[in-house]
Every structure is written in C-alpha cells, then in structure tokens.
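Enquirer: As a plain string of letters, each chain reads:
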Amino acid sequence: MTIINAYWTGIITQTGIMLIAIIGVSLLTGFTGIFSMGHAGFMCVGAYVSALLVKSCGLPIWVGILCGMAASMLFGLLIGLPTLRLRGDYFLIASIGIGEAIRLIVENTYDLTGGSTGMMDIGRFTSLPVVLLLDVLVIIFAVRFLKSKFGRNCVAIREDETAAIAMGIDVYRTKVLVFIISCALVALSGALLGHYLNYVNPKIFNARKSSELIMTVIMGGSGSLTGSILAGLVLTPLPEFLRTESAQEWRMAIYGILIVLIIMFRPNGLMGNKELTIAGIKRFFQRIRLLPASRKSAKGKE
Amino acid sequence: MINGLSIGSVYALMAVGYSLIYSLLSFTNFAHAVAVTAGAYVSCYLFMYTQPNLLLGLVASLLGGALVSVLIEILVYRNMLMKRNSKKLYLMIAGWGISTVAENLIIIFISSISQFYPSELTSMGSIQLLGSSIGKVDVIILVLSILSMAALQSYISFSRDGLAIRGASHNLQYASLMGVNTDTLLIKVFAIAGVLAGIAGLFMGIKYTAYPTLGSVMTNKAFISAVLGGLGSLPGAIAGAFLLGVIEVFVAGYISSALRDMISFGILILVLIVRPSGLMGKSSEDKA
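Chains as they are written, first to last, in my numbering: chain A, 1 to 302; chain B, 1001 to 1288.
Calculated from the structure, these hints are not laboratory results. Check each hint, because a few of them may be wrong.
Said to hold, decoys possible - Below are the DMTMM-like pairs computed for lysine to aspartate or glutamate, each with C-alpha atoms no more than 20 Å apart in a straight line:
#	chain 1	residue 1	chain 2	residue 2
1	B	K1088	B	D1183
2	A	K149	A	E161
3	B	K1088	A	E161
4	B	K1088	A	D160
5	B	K1088	A	E159
6	A	K149	A	E159
7	A	K203	B	D1261
8	A	K203	A	D121
9	A	K149	A	D170
Note that this is a predicted model, so its numbers are computed, not measured.
Next up, chain A with everything else stripped away, as it sits in the complex (with noise of 0.2 Å):
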C-alpha cells in the first residue's frame, strides 16, 4: 500500500472531517433553507470545549469529543431560541455575528483558551479509520433524519413556510430542532479537526470556514444530501492540487463567481433536488420518487 502514503492518508482524513460539517449545514441550509453564516463558530465550540476537558479535566478523548457536542447544542440552542424566530435574511445578520462574536470571546480569554495563539497538545485521537467510520454513520443518520417525519416537515419549510404553517407543522420548532442537530454536526467536525491536528486556534474556524460551507452546499444542490457530499468531495480537497501563488484567494474569487451564477441561473444548485448513489439504479428512483413527493405534498398546500 505504497499508493496510500501519509500525505494522501492527511488529505482523506480532512475532506473526511469537513465532510462532517457540510453534512450539518446542508441538512440546515440545503434541506431547511436557512442561511446560517455563523456556523464555524459552533466548529469552534466543539473543539474548544473538546480540547480543554481533554487537556485541564484528563477526561478520554471520545468523551471531550462528545460534551463538545453537547456544549455546542446547548449553545445552538440557547441562540437558536431568540434568532430563529427572524426572518431569513435577518437571521442571515445575526448568524454571522453569532460566528464573529464566538471567535471573538476565544480569542479575548486569554487564561483559558490561550487567545489568538491557540492550543496545543490537545490529544491526537482522529485517524482515517475513525473518520470514515464516523462519516457513514453520519450520513446514515441524516438519510433517516431526512426521511422521518421531522425531515419531510424541513423540505415542507423551505418550500414554503406559509403553507407548512397551514399544514400543521410547527415551523419554529422544526427550525430550532434541524439547527440544533446541524450545530452538534459541525461541533464534532470541529472537534475531530482539533484532535487531529492536535491544535486548535480560533483563526480555523473564521468567517471564512462559514462562508467555504455554506458555499460548498450551494453548489452541490440544496435539495440534496449526495450533491452536497460530492461537491464536499471534490472541493475540499481542491486547494491541495492548486498550490499556486494566493490560491486561496482564487479559490475563494471563483467560488463567488459560481455562486452568483449558481443562484442566478440555477438557485437549486447543481444536483438540484435530486440525489445521486452509487448503491444503483433502484435507489436512485426511489430517492427520486421521495422527494418530488415531499415537495408536492408541499405545493399542494398552498
């Protein structure tokens, strides 16, 4: 297994982690359609609260992993309340404070955090195995999440809210129910990125994360979970192979470009509300049949 050396082994691992988190915001923007700009800010809980247990309390990394799930819930849910009852584009504005102001509070308690400098010598506890392992069982969980009940009322909301509401459905706790479950998403992917860096600094988790994720999910389609990883797939590792002079920034530049075109000419995304398996042909109808239907039943209500 020369094919497989550290460098590839490095790359898989991190697409695999971020993986994680796209998942979390495109069951929260793609399927709910609520704009979140705020969401490193969560990856940042998860994996300071993961790294000072691990590091101050002693506790087993899986468990710092886990309370870092829990904290970052606790948080989601805590801002949730209030915000989610805003509008989307107000909701838009105060996410983003939302992810400024939680890097603005790591990078101000000195004491604890270590401020800008950040942490190191949390615990290494990430490697391929556990991230892929952790990825199936994530997406297992949000294919379920999507075709439970709870999931189908998210498509109905981001159809349209009115008649999800004449439906029956109660939008508000739906909305802090999907952003609560993309908050503790993001939180393990952040703590696994701490752990597997074996550091953490508020400066991985800046605006500009937010931005990559929500990007990264608009492109892939907001309507489906396999556009969202494919584009997942393809984009995170991009900035590897394109070691150029301000890549980043070319990066980024072209990401807007296609956005602004994406949303123009095809606000769906690419995949569009369609969903794409390797498992065949079977599925892949069957996927199709599923979601015209939650949309129908959606437009049928209005």
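Got chain A sorted already, so can you dock chain B onto it with the hints?
Expert: Just chain B now, with coordinates in the frame of chain A:
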C-alpha cells in the same frame, strides 16, 4: 463624542443606501460593501499619482462607488428581478457572492495589506473646542456627511425622481403602472446608494486605512444601524447610525474595544427580538 458622531455619520451614509434599496425592493443588498470598498480604493490610488486633495478624492470615490453599484444592478440583480419566482433570499446570497469575489480579487490583484492614505489627510491635527481636542478629520467627515445626506433628502423631497422613488417605495408595480420607468428608476437608486457608499468608503479609508474587507466590516455596522432605525425608513437609518456610532465609541472607550463589535451585534439581535420594526420603521409584518 464628536468621534462617535463622525463614525455615526459615515454609518449613516451607508445605512441610507441600504434603506433606500430595501424600501424599493425589500431585500438587503449585500453587495453594498463592494461599493464602499471601491470608494476607498479609488481615491487611495488617485492620491498616489496626484496631490492629495479631498475634493478630488470625493468626486472620484463618489463616481467609483456609483459605477460599481450600477454595474452590479445591471449585471446581476436585473436578471434575477425579471424572474418572478426568485426569492429575496437568493438576491441576498448573490450579493454576498459578489462581495466575496470582490474582496478576493482585491487581495489577488492589489494586496491584502492595508493601503495608507497620505498623511496630509489622515493627520490634520486637532482643534480645541469647549476644553476638549477634536480631530479636524472628524469634523470634516461629520460636516460633509451631513451635507450629502441633506442633498439626498432634498432630492427625494423635491425632485421629480424623488417623487417617483417615494411612490415606488409604497409599491413598485403600481409606480410602474403610473408611468414610472422602473428600470431607469432602479439604476438611479442604485447610483445614489453607490454615491453615498463611495463617499463613506473614502471617509473610512481616511479614518482607518483601505483594506479588502473594509466594505463588509463597515456595511455590517451600517446594516445594524438601518435595522435599529427601521429598515426602509431614511430618517430612521440616519438616527440609528448616529446612535450606533456614539454607543460604539463609548463602549470602546469605557469598557473594552474587543467588546465593541459584540455589543453591536447584540444590539441587532435585541432590536430584532424586541421591536423588529426598529425605531421608526413602518411595519414589522414580514420581518420576523
């Protein structure tokens, strides 16, 4: 205090642009930031080749901001507004995409490092007034900002276009039925917003420096001001901006400068929860 008022007046310039576009199209123009940054960079580069002259810079920034704003309207928003089914949220995401592109292109083609303005403009000394020293720059910014807002107010109140804008802010479709050419009206409105944004960019550049994310950092504040005052209401936006500017300076001065931005966003969330229509907004029907 004067410092707060001068920052507030620059926020007001940008907030008015937000409110103006919101009142017509009821969406938040995230690409507004690009016009601000353009204003800052245009005059910064102009000053490298010519004598630093505030008036000249003002004209250049104003034209730069207006040009960028109108281009974005024609190239992107126009297409999207044609399609009846496009959601307002999509317009915002497009605007955000544009500002991401602009920021990164500036980093690629210019530099991510702050560009400094000539010192003749940035440090003009201070004057003594009522026992406290006040930066001359702040006073000039305050006066010029108020002048340009007064000009806008009289334009909207007294000119024929102003009448059309006021009409269209009630209902764009009805205005077009009454014989207003909404396409040219929108170009004019975006140009006005761009002019104000360009001026604001120049002032921000003088006060701080010109850097790629200048626009998005500052327009977030302006958006908070616009919400604080009530989106869609011009006097509200101005009042909100002055209020925010003063609050920020006091928080930075007496509590902690790190807390400043958090307080601003806190105010935003608080206003949205308690009174979504803002200080002077019309209705809160579809905001929350």
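Enquirer: Confirm or reject each hint.
Expert: Evaluated hints:
1. K1088(B) with D1183(B): 18 Å, holds
2. K149(A) with E161(A): With a Cα-Cα distance of about 16 Å, the restraint between K149(A) and E161(A) holds, given a limit of 20 Å.
3. K1088(B) with E161(A): The given pair, whose Cα atoms are some 14 Å apart, holds under the 20 Å limit.
4. K1088(B) with D160(A): Roughly 13 Å separates the two Cα atoms, so the pair holds.
5. K1088(B) with E159(A): The hint holds at about 14 Å.
6. K149(A) with E159(A): 16 Å, holds
7. K203(A) with D1261(B): 17 Å, holds
8. K203(A) with D121(A): 17 Å, holds
9. K149(A) with D170(A): Holds - the C-alpha atoms of D170(A) and K149(A) are around 12 Å apart, at most 20 Å.
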